[in-house]
Amino acid sequence: GAVVSQHPSWVICKSGTSVKIECRSLDFQATTMFWYRQFPKQSLMLMATSNEGSKATYEQGVEKDKFLINHASLTLSTLTVTSAHPEDSSFYICSARRLAESTDTQYFGPGTRLTVL
Amino acid sequence: LAKTTQPISMDSYEGQEVNITCSHNNIATNDYITWYQQFPSQGPRFIIQGYKTKVTNEVASLFIPADRKSSTLSLPRVSLSDTAVYYCLVEDETGGYNKLIFGAGTRLAVHP
Numbered sequence: 582g583a584v585v586s587q588h589p590s591w592v593i594c595k596s597g598t599s600v601k602i603e604c605r606s607l608d609f610q611a612t613t614m615f616w617y618r619q620f621p622k623q624s625l626m627l628m629a630t631s632n633e634g635s636k637a638t639y640e641q642g643v644e645k646d647k648f649l650i651n652h653a654s655l656t657l658s659t660l661t662v663t664s665a666h667p668e669d670s671s672f673y674i675c676s677a678r679r680l681a682e683s684t685d686t687q688y689f690g691p692g693t694r695l696t697v698l
Numbered sequence: 006l007a008k009t010t011q012p013i014s015m016d017s018y019e020g021q022e023v024n025i026t027c028s029h030n031n032i033a034t035n036d037y038i039t040w041y042q043q044f045p046s047q048g049p050r051f052i053i054q055g056y057k058t059k060v061t062n063e064v065a066s067l068f069i070p071a072d073r074k075s076s077t078l079s080l081p082r083v084s085l086s087d088t089a090v091y092y093c094l095v096e097d098e099t100g101g102y103n104k105l106i107f108g109a110g111t112r113l114a115v116h117p
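Chains as they are written, first to last, in my numbering: chain A, 582 to 698; chain B, 6 to 117.
If you're looking for bench data, these hints aren't it; they were derived computationally from the structure.
Glycine is no exception: its CB is placed at the ideal position from the N, C-alpha and C atoms.
Please note that a few of the clues may not be correct.
Okay, the calculated bits of chain B under chain A, using three or more residues with CB under 8 Å as the criterion [what the hints assert, rightly or not]: (1) 60-68; (2) 105-117.
A few chain A residues that don't get close to chain B, going by computed Cβ distances all over 12 Å [as the list claims (entries may be wrong)]: (3) E603; (4) L627; (5) F648; (6) A653; (7) L657; (8) S676; (9) T686.
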């Protein structure tokens with residue numbers, strides 16, 4: 582159990598276009614999902630927290646109008662990179678918080694490689 | 006900033022036991038400690054989680070002393086496929102909600 586999927590696994594787009602990335606919890610419900618980005622040889626950087634039925638909470642320095650997050654159901658969150666530019670090229674990873682009896686655990690998706698030409 | 010500190014890198018050989026220690030001096034009373042493994046171009050994979058003393062599963066053991074200011078991930082008899090980055094994490098409650106802030110992690114290289 583505790584499987585998180587992302588779609589697409591990779592995407593190449595032209596500068597100025599928008600790209601949508603989906604994150605799904607396949608076998609559990611997740612009221613909270615998280616979006617990270619990771620540049621080569623670096624650690625994961627938290628971008629925002631996605632809460633089902635409410636607005637996302639963005640980390641300092643992350644543009645909410647550029648990175649649109651929607652968490653429409655307990656198993657799906659989407660990240661839309663609007664007007665993408667080459668500097669947005671990165672590895673985007675989502676995670677979903679699984680509620681357990683004594684602790685919450687985050688499970689991560691496989692990541693989406695975005696390349697903006 | 007991450008709430009944890011761990012060595013940047015470690016080297017080992019196949020068949021050896023590897024212990025990676027993480028410091029979390031400011032851990033809160035109700036915080037759990039979670040370890041993840043990450044291979045290149047993949048999302049982090051959950052390894053183990055604990056609160057105190059010792060936790061063991063099919064892939065690793067986690068040792069947590071009484072003061073909980075540190076923890077040690079133990080990987081028995083590593084193989085080449087254990088070469089990866091290992092992250093020790095404690096939830097951050099800044100801003101009124103829980104989230105994971107990643108540090109640099111420990112880059113483990115297992116040699117033949």
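Violations among the numbered hints
1, 4, 8, 9
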